[in-house]
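J.: Single-letter residue listing:
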Amino acid sequence: MPQLDFANPLMMSKLVWLLIIFGFLFFVLKNYALPQVASVLDERAARIAADLNAARDAQAAGEAALAEIRAATAAARAEAQAAIAAAMVEAQTKSAAQAAEINARLATQVAQAEQQVRAARDQAMGALREVAGETATAMLSRLAIAAPANDVTAAVDRAASQGAR
Amino acid sequence: MAAEGKAIDALSQFQLATSLGPIGASVNFTQSNLYMIFAAAIILGLMTWGMRARAVVPGRWQSLAESAYEFIHRMVTDQVGEEGKRFFPFVFTLFMFVLVGNMLGLFPYAFTFTSHIAVTFGLAAIVFVLITVVAWSLHGKKFFGYFFPEGAPLWLAPIIVPVEIVSYLSRPVSLSIRLFANMVAGHVMLKVFATFVVMLAGLGAVGPFIAVMPLAINVALVGFEVLVAFLQAYVFAILTCIYLHDAVHLH
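As given, the protein sequences belong to chains A and B, one line each in that order. With the numbering used here, the residue at position 42 of the first sequence is 42, and numbering never jumps. Offset between the second sequence (1-based) and the numbering used here: plus 1000.
Same shape as in the complex, but just chain A (with noise of 0.2 Å):
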């Protein structure tokens, strides 16, 4: 096997080529090569944390703001209710005033019309009376009765007064 001939000077010379080999690349990796990834990965690293801030600060202001639209939206929609119930109240108001005023007329026109309509009847009635009087009397004439003027009223007054009932 000629990885155990260590009798070969090669295997010794080999060695020393490979410490130095395995030196310089270590070196050249240490202090060139590395730092420069890990510079490119810190870099990266610090963007996406900038990023991320920027997100997240974006995110507050665009929830502030939604909060702000939100309340504005409240108060003016709380605003427009109460300016409805104001103008229910008015218009409530308003209406219950006119439909009393016009009860009122209509109350005054209907007893007005009730105080016309027993005057017509009163005189209907009085006419009737003097008419049924005047009949009286010319009934008892044509049979000969006498009888007085003021009996005959009287007596018809009665009927009418009963009839009136």
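Hint data in this document are derived by calculation from the structure and do not stem from the laboratory. The beta-carbon is built from N, C-alpha and C at its ideal position, and this holds for glycine as well. One or more hints might be untrue.
Covered stretches of chain B, as calculated for chain A (at least 3 residues, CB under 8 Å) [unchecked claim]:
no.: 1; region: 1012-1023
no.: 2; region: 1030-1037
no.: 3; region: 1043-1049
no.: 4; region: 1056-1068
no.: 5; region: 1121-1127
Using the hints, position chain B against chain A.
T.: Relative to chain A, chain B alone:
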């Protein structure tokens, strides 16, 4: 070099030779070291050329470089903790060097430098020296308490202390032999079955049809070897992290 003289020669692929012509020969620069340089160049290329865009949204190569970085970074911080961050460049170098070395070795005609016990032991020795120096400099004499856990009955000391010392000293051995043995076994298997393909294909009219079988096995083996290449680099790195954790926290 496969099946020369109709004999299975699975080990000559591990033979060291000088490379880079007479200049390499004069400083005993082997082909193993040449592949180490290739590996280092690939790693540095990935980590510098691949990262050159420095884009916020990474492209393919930058993604690969970043995921390698983050993979090892997570491994180190998970295993060693926050104090372990200063060992990250070392563990990263170790992992990438072993990983790229294993992967390079899978290319035909390439030399696998991790298939040499001297190389893997050299890397493991660096780890061993590092964890010992770290433990010693952080804890001073309390470092010896590592070999005798607190709360253990004193009469057990004659058993526990030697066991702990042996287990501590065997760390670089197990670390290096695991990687070495895996890589050697894989490459020997590949070479043996590749030799079967050539030998069976020469058996006359039916030969090529029979040779398909070892060829299919080899195809599966290459896939398996890719897995092993990654897994062994991972194991090497994570064991290093665990040893570093022990060195920093003493159990």
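J.: Hints first: check each against the structure and report whether it holds.
T.: Right, here's what the structure says about each hint:
1. 1012-1023: With 6 residues closer than 8 Å to chain A, the region 1012-1023 of chain B meets the three-residue bar; holds.
2. 1030-1037: holds (count 5)
3. 1043-1049: Held - the region 1043-1049 of chain B has 4 residues with a Cβ nearer than 8 Å to chain A, which meets the minimum of three.
4. 1056-1068: holds (count 4)
5. 1121-1127: holds (count 3)
When held up to the earlier numbered hints, the structure conflicts with none and fits them all.
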